[in-house]
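> From just these sequences and the hints, can you work out the full model?
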Amino acid sequence: MNYLLAFCFCGFVCLLGQIIYDRTKLTPGHITSLFVCLGACLDLFGWYDWCIEVFHAGALLPITSFGHSLMHGAMAMSEEYGLLGIAMGMFDLTAAGITSAILFAFLTSLVFKPKS
Amino acid sequence: MDKQAYRDLVKQQQPKVPYLKNAITAFLVGGLIGALGQALVTLYMNWFGLNEQQAGTPMIVTLIAVACLLTGLGVFDKLAGHAGAGTFIPITGFANSMTSAALESRAEGLVSGVGSHMFSLGGTVITFGIVASFVIGVIRYVFFGG
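Protein chains in written order, with our numbering: chain W, 1 to 116; chain S, 1 to 146.
Hint data in this document are derived by calculation from the structure and do not stem from the laboratory.
Be aware that one or more of the hints could be misleading.
Claimed, not checked - Covered, in the sense of this in silico footprint (three residues per stretch, anywhere, with C-beta under 8 Å from a C-beta of chain W), are these stretches of chain S:
1) 4 to 13
2) 27 to 36
3) 44 to 50
4) 125 to 133
Unchecked claim - BS3-like, lysine-lysine: derived pairs with alpha carbons at most 30 Å apart:
5) S/78 / W/113
6) S/78 / W/25
7) S/16 / S/3
8) W/25 / S/3
9) S/16 / W/25
10) W/113 / S/16
11) S/21 / S/11
12) S/78 / S/11
13) S/21 / S/78
14) S/21 / W/25
Keep in mind it's a predicted model, so treat the numbers as computed, not measured.
For every residue, glycine included, the Cβ atom is placed at its ideal position computed from N, Cα and C.
Listed below in C-alpha cells is the structure:
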C-alpha cells in the first residue's frame, strides 16, 4: 500500500511538472525553482508534513521536499535562537543531500568523460 | 502577410507536442522513482533498524549516487529525453544537473572548470529554495511563533 501511495504522489508531482513544461516555455530550471518555492510555501501551515506522513517516500523525493527540509531545519533552530536561528538551521536537514550531490558529481567528473 | 496569419503559419509548422504521452510517461517514471525510494526506505529500516524518518536520508543519498553514476555513464540523459519531468522533478534531477555541469566543464580544469561551474545549472534550486524558505520562515516566526 505504501508503494502505491508513494508511486501516486511522486508521479502526480512529476505529471504537474510535465504539464507546465509542455504548455509553457519554462525550462527545467524554472520549474524546479518553482516547485522548491511551492514546497516551502506548503510548509507554512505544516501541510507538507501531512503529505510525508501519508505518502512516505513519495513525498520525500520530489524537489518540493527540498524546500520543506530547508524550512524545517530553519524553524527547528529558530525555536532556540530566534530570528538568527532561521539562518543557522537552514541547511541542517538538507546537508546530507547537498554534500552527497557535490561529492558524487565531483567524483563522476573525475572518472567519466562527457558523452555528448 | 499580417501578424495573425504569420502566427498561424508558424503554429502549423511546429512539431505537435504529444501532451498525453509525455504526461503519462512522466507520471509512470516519476512514480517508479517514488516506489523505488519507498523500497529503499523499507530496506534500510529492516537492515539497520532505523525508523522511517531516519531512513529517509540514506535513501536520498543512494538515489543521488545512482543518478550521478548514470549521468556519468550517459544513460540518464537518454532516459530524461523520454521521461521529461519524470526525472527532473525528483531529487535525481538535481544530482543530474550538478553532474552534467561538472562533466562538461571538466576540460577547463578542476578548479576553474569543475569547481566553479558545478552549480551553474543546479544552483538555481538552492538559491530560490533558500530565499523562499527564509521569507516564509520569517513570516512563520513573526506571525505564528515558529
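> Hint by hint, say whether it matches the structure.
Hint check results:
no.	hint	verdict
1	4 to 13	violated (count 0)
2	27 to 36	holds (count 9)
3	44 to 50	violated (count 0)
4	125 to 133	holds (count 8)
5	S/78 / W/113	16 Å, holds
6	S/78 / W/25	22 Å, holds
7	S/16 / S/3	21 Å, holds
8	W/25 / S/3	20 Å, holds
9	S/16 / W/25	15 Å, holds
10	W/113 / S/16	34 Å, violated
11	S/21 / S/11	20 Å, holds
12	S/78 / S/11	28 Å, holds
13	S/21 / S/78	17 Å, holds
14	S/21 / W/25	19 Å, holds
The structure shown violates the earlier hints numbered 1, 3 and 10.
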